[in-house]
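Heads up: the protein sequence lines correspond to chains A and L, in order. Take the first sequence: its letter number 357 is residue 357 in the working numbering, and every next letter is one higher. One rule links them: number in the working numbering = place in the second sequence (from 1) + 1000.
Take the hints with a grain of salt, since some may be wrong.
[To be verified] So the derived list for chain L, only partly shown, Cβ under 8 Å to chain A, looks like this:
1. V1037
2. N1122
3. N1130
4. A1390
5. Y1395
Hints are computed from structural coordinates only; laboratory data are not their basis. From the three backbone atoms N, C-alpha and C, an ideal C-beta is built for every residue, glycine too.
As a plain string of letters, each chain reads:
2 protein chains.
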Amino acid sequence: MNSTTSELHPLTRFIEALKDSPRESKFLSEIEQARAVRALLEVDLSAIRHNVHVISQLSEGAKLMAVLKRDAYGLGARVLARLLQSCRVQAFAVDNVAEGIELRASGITEPILVIDGDISENAPLAVAHNLMPGIPHENLLLAYERAAERIGDKYPVWLVANVGFNRSGYRDIERFTHFALRARECQHLEVKAVYAHLTNSNGDLQISLAQIEEFRQVVSRAKALFGSGIETSLFASHGLVRWAKMFPTDWVRPGILLYGEHAFLQDSLALETSEAIQKLRPALRLRTRITHLLDFTHSEGVGYGQQHVTRPGQRLATVSIGFGSGYPFRSTKLHALVRNHRVPLFGDVGMDAFQLDVTDIPDIELYDWVTLIGTDGDEHISVHSLAFDAETTPYQLLSGIHCCRSYVDSGDIFL
Amino acid sequence: MNSTTSELHPLTRFIEALKDSPRESKFLSEIEQARAVRALLEVDLSAIRHNVHVISQLSEGAKLMAVLKRDAYGLGARVLARLLQSCRVQAFAVDNVAEGIELRASGITEPILVIDGDISENAPLAVAHNLMPGIPHENLLLAYERAAERIGDKYPVWLVANVGFNRSGYRDIERFTHFALRARECQHLEVKAVYAHLTNSNGDLQISLAQIEEFRQVVSRAKALFGSGIETSLFASHGLVRWAKMFPTDWVRPGILLYGEHAFLQDSLALETSEAIQKLRPALRLRTRITHLLDFTHSEGVGYGQQHVTRPGQRLATVSIGFGSGYPFRSTKLHALVRNHRVPLFGDVGMDAFQLDVTDIPDIELYDWVTLIGTDGDEHISVHSLAFDAETTPYQLLSGIHCCRSYVDSGDIFL
């Protein structure tokens, strides 16, 4: 974060909705106040603006559809949608209808894609809130045809093509063609685009090139069926960095890249990809507090199970976050930053606490802030490295974190 | 769940707070409706009432303090507090001041213990909401002395003793005595109780017996300092099952046991402990929907990374929940139940989806409900077994689950 940051107020998920309810909003602001001194996920909005600019350059010519599923991977979909609509983002994507309604509830009017479409019972709600489904199969197609019938106008939908993800959509081109023909017959629907998911965009090149080629065949078939105006989308965060210019599509779908994070497998990175991701700015910082300092004069077991034993002279600091807030459960390789030092975790992560070995940090004090993700002095812990050390992925790590959020904005103008 | 259940409405965290805000409450009820058809955590309130009855019998004579930290391990602290206050529970325990205010906001007036006390900045808020801190060190003691000064009356506090947990509190009895003397000098505080945490109550007997003995020495010292009226508490879920009758204390602190779950290490269970936990009724069911069915005529890679390859003739079902809702990330040993069959997961768990091998379930249909925790026909998946298979703990599993909740109440009268 920048030294010139101006802090905005922390937001709970529905805090804005509570403005009309003074009694509850007082409780809520006190709850947020009490949470914010224990652990804080800080989101740097100016870094996100900067990253949007980088993404725009990487995917020159394509429109940006920001993926805000799972509450924007835990960063707060409502706040981010408002930020992103002000800087070149023309549409949003969510996982399901509930997430789409949540964006509509906060006043977002841009197109919202419901990735792979949700359950058919939710089609009427989706139509009522003008959410655009990605349709993977005929059952859902017909559910939207029925739901759209009530509103009269041609309702916009996207079609899912399966080029190897194999979790949704028809893989066989003839089966897809049959499905697309059914879509074309739907009187109340208008197919606006075809899209697919790459499976190895953060790694193996050959698999991706084959899938890109397969998608080109799907697009060719779709243009034959729906006309050349039909739009296309294939690349999410990792794909757009590598191929958005080489294989132009109408929409790119950045997600984790917006936050300056990625899940590239480092050993498979071409030089230009490495350079591109180095232009991104990390937008996240996760910090917590020291709530207890314990000195051990001799060896003692620590925590539940007593599996970890101190050495004489050791000093442990207990901090006020744990797996119940989404901090990783697997702690043997993890570190944190305190007073410009990198210190190892000691023992297991508990639901609301874990411990650090701070023996070598002489000036440590009760209630010191500890950095779990982010920079402290010359030290840095990235989402990528913490996830790797915790034997998980940046996606699991980010989407699991549930703690008080604070949005900061340095006001920087990107270059 | 029982066949005679009557469904209550699903609740989001603050949905009741929004009753005064019609525009937002409409959005919220639609959001809940859209979520509820994708994945549902069902909480059986009558099972919890039954479990309170079992716990009362196991800890005859002790008062019940229900541990509702981390939103009652994901089950909804507000709803459970209301249920529990109607059936023998005389106090609640939470992890921090924010959680305590949340219970006060929902109208809970019983004593609320803030386990191990939170950050000193939160002491004024705690006092304002009549939350009772468990105080582990002198810094926090003095913060409460200052906060209590403003309200005049003697403010009730508990003191933390450390009998081997070693995450908080003073271990050495003389150091504890010094601390207790400081507490006794505080003009605006009244020490109501001493308590501690056992570390191996779900396992090794000898460690626990030594800690129980150490606690008895602490209690003896506390009675000498504060008089025989000072209260005591040592046993949480596992400890109360094994020792509440043998070593009487004033308060027991059941948590996970309320939900019919436990983390006993099976190989260390005495017969009477096994029998006791068999009287508990599981209160949870987690279910999700099939959103895609895919048939594979030949071998194909599946999902991100393409690490998992289908066999010809295989049929996979994609379901609408993933690690973003707290379903376990580690899937190699996991199963789910569908149409009275146990089926294995196939491939990795994604943020909002994963896949099941349903090749051998001939009558399977799109949108079928799938049981991830609970009973289907003769098959059952417990929190305990799912956590074990996922290489995690019941606590991490439960507290990580974030999806739509539904409360059911069969109205059963317990025996």
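Now the hints, each set against the structure:
Taking 8 Å as the C-beta cut-off, the interface hint given for V1037(L) holds, the closest approach to chain A being about 5 Å. Taking 8 Å as the C-beta contact cut-off toward chain A, the hint placing N1122(L) at the interface holds, the least distance being around 5 Å. A least Cβ separation of about 13 Å between N1130(L) and chain A goes past the 8 Å threshold, and the interface hint is therefore violated. Interface hint status for A1390(L): violated, as the beta-carbon distance to the closest one in chain A is roughly 10 Å, over 8 Å.
The beta carbon of Y1395(L) comes within 6 Å of a beta carbon in chain A, closer than 8 Å, and the hint placing it at the interface holds.
Hints 3 and 4 from the list above are not met by this structure, while the remaining hints are.
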